[in-house]
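Asker: Using the hints, build the complex out of the two chains.
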Amino acid sequence: MKNYFKILCGLCLLTSIVACKKEAAIEGPELVDIFGNFEVISPLRASQKTIDFSKNEHLFFTAKLSIRSNWTLEIIGLNSGAKKVFTGNEKDFISNPIDWNGSITFAPFFRKNEPCFARLFFSQLKDTLYSDTVTIVGIRPTPEVNILIDDFESPQRPYNTFSEGQQSYNSTAVNYQGIAPAEKGRYYVLAGNHGATASLFLCGMNLATKISQADTNGLYFNFATENPDKIYFNAYVYGWGDNKAELSIEFQEDDNKNGTYEAAEEGTYNYRISVNWTGWKLVSFPYSATKISTSGGFGNVDRTGKKDPDRIIATQFLLLAKAGTSGNTRAGIDFCSFTYNAPFQP
Amino acid sequence: MNRKTKNILVVLLLLTNFVFAQEKKIDFYGAGRFNMINSGIEGNILSQDTTNPRKQQTGYALFDLGFHIRPNENTEIKATTRVQNDLNGFWGGGINYQLRELYLRGLLFKKIAFQVGDLNTKMTPLTLYNFTEEAGENQVKALQLFQEINHYDKFYGDNSWRQQGAQGHMVFDFKKYLNQVKVSGLITKNKQTDYFSVPDRLFSGFTIATKSLNHLQVSYQMAQTFDVQNTAMFSNSHFKNSVHSISIKDAYKLANWLLGVDIEIGKSFVDYSQYQNQVKNPEGNSMNGTISLKNDAHKIAVELGINYTSTSFRSMGSQTRRINWNQIATQFPYYTNREIPRPAGLIEIMTDPIFFNTQLNPQLSYFDPLYENIRPYGMATPNRQGYSASVTWKAPFHDCVQLKASYLNEQEITGQGTTELRQFNEIKAQASIQLNELYAGKKKFDLSLSYKKQETNRAGNKAIDGIHLNSEFIKAGLNYGLYDQLSIELAGILFNASGNEFIANRNTVNDIDFFSAYQTQLKEHIYISGLNYQFGPNTCLKIQYQQANRDNSLDSQKNYTLHRFAVIYNLFF
Numbered sequence: 001m002k003n004y005f006k007i008l009c010g011l012c013l014l015t016s017i018v019a020c021k022k023e024a025a026i027e028g029p030e031l032v033d034i035f036g037n038f039e040v041i042s043p044l045r046a047s048q049k050t051i052d053f054s055k056n057e058h059l060f061f062t063a064k065l066s067i068r069s070n071w072t073l074e075i076i077g078l079n080s081g082a083k084k085v086f087t088g089n090e091k092d093f094i095s096n097p098i099d100w101n102g103s104i105t106f107a108p109f110f111r112k113n114e115p116c117f118a119r120l121f122f123s124q125l126k127d128t129l130y131s132d133t134v135t136i137v138g139i140r141p142t143p144e145v146n147i148l149i150d151d152f153e154s155p156q157r158p159y160n161t162f163s164e165g166q167q168s169y170n171s172t173a174v175n176y177q178g179i180a181p182a183e184k185g186r187y188y189v190l191a192g193n194h195g196a197t198a199s200l201f202l203c204g205m206n207l208a209t210k211i212s213q214a215d216t217n218g219l220y221f222n223f224a225t226e227n228p229d230k231i232y233f234n235a236y237v238y239g240w241g242d243n244k245a246e247l248s249i250e251f252q253e254d255d256n257k258n259g260t261y262e263a264a265e266e267g268t269y270n271y272r273i274s275v276n277w278t279g280w281k282l283v284s285f286p287y288s289a290t291k292i293s294t295s296g297g298f299g300n301v302d303r304t305g306k307k308d309p310d311r312i313i314a315t316q317f318l319l320l321a322k323a324g325t326s327g328n329t330r331a332g333i334d335f336c337s338f339t340y341n342a343p344f345q346p
Numbered sequence: 001m002n003r004k005t006k007n008i009l010v011v012l013l014l015l016t017n018f019v020f021a022q023e024k025k026i027d028f029y030g031a032g033r034f035n036m037i038n039s040g041i042e043g044n045i046l047s048q049d050t051t052n053p054r055k056q057q058t059g060y061a062l063f064d065l066g067f068h069i070r071p072n073e074n075t076e077i078k079a080t081t082r083v084q085n086d087l088n089g090f091w092g093g094g095i096n097y098q099l100r101e102l103y104l105r106g107l108l109f110k111k112i113a114f115q116v117g118d119l120n121t122k123m124t125p126l127t128l129y130n131f132t133e134e135a136g137e138n139q140v141k142a143l144q145l146f147q148e149i150n151h152y153d154k155f156y157g158d159n160s161w162r163q164q165g166a167q168g169h170m171v172f173d174f175k176k177y178l179n180q181v182k183v184s185g186l187i188t189k190n191k192q193t194d195y196f197s198v199p200d201r202l203f204s205g206f207t208i209a210t211k212s213l214n215h216l217q218v219s220y221q222m223a224q225t226f227d228v229q230n231t232a233m234f235s236n237s238h239f240k241n242s243v244h245s246i247s248i249k250d251a252y253k254l255a256n257w258l259l260g261v262d263i264e265i266g267k268s269f270v271d272y273s274q275y276q277n278q279v280k281n282p283e284g285n286s287m288n289g290t291i292s293l294k295n296d297a298h299k300i301a302v303e304l305g306i307n308y309t310s311t312s313f314r315s316m317g318s319q320t321r322r323i324n325w326n327q328i329a330t331q332f333p334y335y336t337n338r339e340i341p342r343p344a345g346l347i348e349i350m351t352d353p354i355f356f357n358t359q360l361n362p363q364l365s366y367f368d369p370l371y372e373n374i375r376p377y378g379m380a381t382p383n384r385q386g387y388s389a390s391v392t393w394k395a396p397f398h399d400c401v402q403l404k405a406s407y408l409n410e411q412e413i414t415g416q417g418t419t420e421l422r423q424f425n426e427i428k429a430q431a432s433i434q435l436n437e438l439y440a441g442k443k444k445f446d447l448s449l450s451y452k453k454q455e456t457n458r459a460g461n462k463a464i465d466g467i468h469l470n471s472e473f474i475k476a477g478l479n480y481g482l483y484d485q486l487s488i489e490l491a492g493i494l495f496n497a498s499g500n501e502f503i504a505n506r507n508t509v510n511d512i513d514f515f516s517a518y519q520t521q522l523k524e525h526i527y528i529s530g531l532n533y534q535f536g537p538n539t540c541l542k543i544q545y546q547q548a549n550r551d552n553s554l555d556s557q558k559n560y561t562l563h564r565f566a567v568i569y570n571l572f573f
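The listed protein sequences correspond, in order, to chains A and B.
Heads up: the first sequence begins at 1 in this note's numbering, then just goes up one per residue.
Heads up: the second sequence begins at 1 in this note's numbering, then just goes up one per residue.
Mixed in with the good hints, there may be bad ones.
To be verified - Here are the simulated lysine to aspartate or glutamate pairs, EDC-like style, with alpha carbons at most 16 Å apart:
#1 K462(B) with D33(A)
#2 K462(B) with E30(A)
#3 K154(B) with D352(B)
#4 K306(A) with D368(B)
#5 K523(B) with D352(B)
#6 K291(A) with D513(B)
#7 K322(A) with D513(B)
#8 K230(A) with D194(B)
#9 K91(A) with D368(B)
Simulated from the structure, these hints should not be mistaken for lab results.
None of these values were measured; they are calculated from a predicted model.
With the rest of the complex left out, here is chain B (with noise of 0.2 Å):
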């Protein structure tokens, strides 16, 4: 084959910062953001407890400042500080600092970007990807703000883990056959040797990613997590994940309609090898395609998918989860005069950042079936197979109704505990409307819905493997603008659960080896009142009220109501 490749480099994320490095060479960049909460609890719960205190006060004030650096053209420093204040911290008595972000980027030879530092990270699905958590899609608007505080303090932006290491990649450009070829590679560290028994632990990946002149892109992704020998003397285990992967995406146009197809095809080793009690090695298979059909002129769009992923596929980077329900919640974290750590709710892992995690971790670690039961662990869940089907609509002008809705059907390909397969249905609409567009008010008048219900069923007998469970949840919000930069928001969050399941009990190789019992019959209630004050598109303060109620009638001593008063003012600049 008669190929002339010229090496080009293309530097997305670089290119702009170097035009404007012909003028500066350092800005500045931040963010402000200040916090008070007053909330208070009542009910059931706190029956039997006489020391914990029904009401707190809390919040905070930082600022983080960043700063641009381009020594030259060819490099550029970002660094970016923050000082924390909490409200109790008089006189400078609560202060913290700390270094949030530091990086360097540049170009070798003119041709390699590169990357060192904190990194955000992403890669595929199966290979490495920071999945959206439960309860957190169409958030109503009322709560996006806590939302986007959650996300920018733990760097989830773009579906990335932050990471420290390093990272480049590099574009080779082609006249025949192909457009372009693009190889991408990073690796960070993923942990830290005690010096002992706990070695240091890798992450490492590289992409191979070709585009073909008439648009199909093709790429092999491998994604590998290990353990460096001798960097714990005295560890006896030696874990390795490895994944690979292969990605073909394409696009066809017939008449209207634009034709997309997205297919994802892994495989993962996992090695135990050097653990003392010798356990097997898992490898697994999984598969991931849509074909979406889009037409524009009438702003509709029909997707369907496949997935298919085998109960041993592992994938560290695409199955750590963000929610870490092993914290315990940051207000009234006990109750009982013995303390017992108070059961987090629906609006805790919405807002409360302590649940939110940043570290890859290859357990599958436990969540809640309550909120997700079908893919807890995002698309690279193992153990599951099924197809699902969408459909979305826009009015013709000015987007001011949009409609969506989808069908999720999955099953298991492995019996857990028994021959039987758990079942598991998904029905989610979501509607956004524009009010004022359709009455022609001049008043901003927005009204967000939206509906998801998800169902698992199992055969069997009820009182050994049989498993009913239902969720249901309902979003509403209402934003009103009295004036150009001051609106109301009103907000409700219905979720209703019951029904029965069987939570796996894994082991630090992550096989089951035991399951508890679950039931319920619970109803978690969110009522949110307050005002928006915009200053701009990336500042805001908002004053609001939010009332929480959990309601489990099978465990009714636990039961309790959540008031929060909550004042925040946010600031990007």
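If we strip away everything but chain A, and leave its shape as in the complex, we get (with noise of 0.2 Å):
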């Protein structure tokens, strides 16, 4: 066998024995972290009795548990029924603890001298943990928005609505009695009656920039960034909690700034909300999250080949029905607004 190789075995030897160094670390979290029995180490507990969210003070709430799982942390006002949720899959909140500014998740707001507690309860434990009440003092100033689009506080607003004719009926107005808006005094609500086989699409609202930004008298929004990742929209979606909703918020692009959006050359940017939930949520996500419509001659092209949020019309508000279901079927919307960098944090 010719020197070399030997000299190529040898480096292949070589070579194996060197790479074959054991890595230590172990990788990812530990099993018997997420797998292991669950015990509460350390009860969950407020940093305070008393808060007051109005001299900025933050409130914390802190727990230990012996395994990661899956949980929800609700904090709830005991006379408002406001709520304010966090999610996570730590197991030790002492270290890290979870951090409460006064902000909202689910409408209304917390109110002044009101008693609340959280409760931390597990996606796949039956356990739930419930920490003392603590009472809110001072409460925390609502923060301005951006832009505001719609508070739905003029009822004599042009709403361009339309709806899928086969339904037995539909309701697309401002001013629904019954629920409590989640800011001011009225909000707007989308509703259809539809049978099990009709079309999943029941009914819509287009509000024109133009419309929504009557002072300024422009035709698009006037952004102080055009990054779709540092524009949010906000708004307050309230659910019948019946899981029958689906609310499409749509953007119309006039990619060509022409002044009239045209549906089959200009893009429309939607984001699909589920609305699973009973009262009122504050549903954000940035204009990045969006996605072009897949319906065709309806937005699936778009002239510029991306987001110009710059270029947005119109906001469109659609109600779909899940499948499968029928009958009453509906979804409230109020005080819809963009904010820069972050979501709106009432």
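Answerer: Written out as structure tokens, the structure is:
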């Protein structure tokens, strides 16, 4: 055998010896932390008995569990029913406590001098932990949004409504009775009654930017940034808890900026929300999370080939029925806005 | 060293075309296909479902027309257009036109071969390589056409990835010590910027390959994926993945035996340095090698291999998977009135084009451990070390019997979520027999059999970290020629899997951040019968009935049976 073949074999052997040294660390979280026995090492506690959010105070919740599990922490106002929700899968909240600044996930707002408590529950475990009651002596001042699309307080606004013709009724209007609005005195509701085999689309409302921004007389929103990652859409969405409705929030872009939206040639970007809760929930998403329409001839072609938030000429809300459902299907919306850099945190 | 170099260009792919260029400036090629599938579904999966259809008729007719244009002796343009009409698109309503392929290739200074446009790119198993999909090897003949169609449509030929960009190569010939040095390089665009937060991403690579006068081949490869800064001004991340490798190949004659050596040693680097949340930059090593002994007289070959790929080895070009499990099956995509995505079965990852991926991806994407748990990311699967052995034998006359058996033993280097390591074993056996040759029959009668068993074990507490997972594939195919061109095709594929596993959930930088427990008791049986009319080597008409049963006794609400009646006419010219 020739010499260089020996060299080759030597190289191969050497490499295998050098390479085969063991890497010591464990990859990923320890399984015993996820699938071991569940124990509460330290109970759920709030950092204070009273909290004044008006002075920018923060309330911290701590607990320590024996394993990691997907958990939900809900802070509930005992008088208002306001709710703040946190989710995660950590097991040690003592080192990394949950930090609450008084904001909400579900409207209405927490009230001054209102007692509240927190509960911690788990998706794969039956246990629930409760905290002591904490009194809110001062509420968090509501931050301002950067651009208000509509708070639905002006019923005279010319909303462009449309519906699926075959359904027995639809009701698409402001000032719907029976539910306290998330903000101020009115909100908007989209509702329709459908059979099991009817079209999934029930009704919709189109709000032109020039109507929404009537005070500035602008055709388009005047964003301080055009980065879709930094522009957040926010709205309160009301769900009746029947898990029948889906809301599609759509943004029509006037790609050629001629003042008219041409559905066959210009893009519509949408974001779908499954309305599976009861009450007012604050929904936020960055503009970058929207997807181009998949309906042929209805915004599935974008002339610029990208998202142009500065060319949004109309915001459209569609009520869709979930497959297999029938009967009355509803979703409410209130206080639609854009914020920069982060979601709206009332 | 007294080297007298002479630059000689060898353009392997272009050579033939340039010879023909003397005669024709344009020629045509193409493909045609007609596909009609009438399918049905039944089983427990429909028990809570009153809305989704039970039967579907789908299909399409398509025609690919390609042009080879040679404007001069040093330039060639290839363009392929596709016209596809869905069966539901009456009167041209569902017609779809697309430019399927376009490239230009030629010679610069009559020395440097180049190609721009669409490229089939491939380097080595550690740098850029499109490894075969799970359940795709040793395919029964009845399903080979479906596999070929998917590979043709997704440009998987020769384990390459289809990308867009430019590549070139040149060859230097030597007289002393070295026979030849070949230098090649490529650069392709992997991802398009959105002008805001997603930057352009490019893939580049080059190879310097030397061949000595006594056939020793040594090459150095480098593959790099990188984000182009300033193409997205609001981007918070900048990703870079580099892989360097050295390959050595040699062959020796030892009496009647040919001894072959094939080794590749690589090192990878990943740079997440500009990510918002600082994460560690993984560096990894990989080494795989084989020694083979081949005897042409006795038609026997033996191969021994070793493999080591560290836990942090990352190579986008070689770890991207063909099967994308995040897709939803084309036929009967949902079940129940809440429209839950139907779990895809074996028949779908063998035939449904939606599951076949064409995009190189830096993520170690999800895989189903039932179908492949040892090397889900090909030879460059991280966190593996082990050895393999295989024997191949062909009958001395007419190759009428071909047998192959192999064994693979691997284990993890780093425990996932525990200090205990997974141990993997795989046994494969394959037989291909031309039965008519054995009894001198005139009518073609082929039998193919293959068996594959994978076993994964990890010691530990069964409720916490213990693993025991078994999976078995049995494929059997029978083809009998009724007439010269008409044959009967029968096939059966039996897949059984049982046991438990833990699926690693990886974040955007490929770190494991959670595990999901996984338990199964699954049986999938596929039965196929049909007729094949072979017009010529590249044209056939198939009429086939397929039945696929999926039965998971731990989750029987999702059990179903798919029936498909397929008519496929396929033509390449």
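Asker: Please go over all the hints and tell whether each is borne out by the structure.
Answerer: Quick rundown of the hints versus the structure:
A distance of roughly 15 Å separates the Cα atoms of K462(B) and D33(A); the hinted pair therefore holds under the 16 Å criterion. Between the alpha carbons of K462(B) and E30(A) the distance comes to roughly 15 Å, so the proposed pair stays at or under 16 Å and holds. This hinted pair checks out: K154(B) and D352(B) have alpha carbons roughly 12 Å apart, not beyond 16 Å. For the suggested pair K306(A) and D368(B), the alpha carbons sit about 34 Å apart, so the restraint of at most 16 Å is broken.
Distance check on the hinted pair: K523(B) and D352(B) sit about 20 Å apart at the alpha-carbon level, beyond 16 Å; violated. At roughly 27 Å between alpha-carbon atoms, K291(A) and D513(B) are farther apart than 16 Å, so this suggested pair is violated. Between K322(A) and D513(B) the CA atoms are separated by roughly 33 Å; this puts the pair beyond 16 Å, and the hint is violated. Between the alpha carbons of K230(A) and D194(B) the distance comes to roughly 14 Å, so the proposed pair stays at or under 16 Å and holds.
Note on K91(A) and D368(B): the hinted pairing is violated, with a Cα-Cα distance of about 28 Å set against a maximum of 16 Å.
When each numbered hint is compared with the structure, violations occur for hints 4, 5, 6, 7 and 9.
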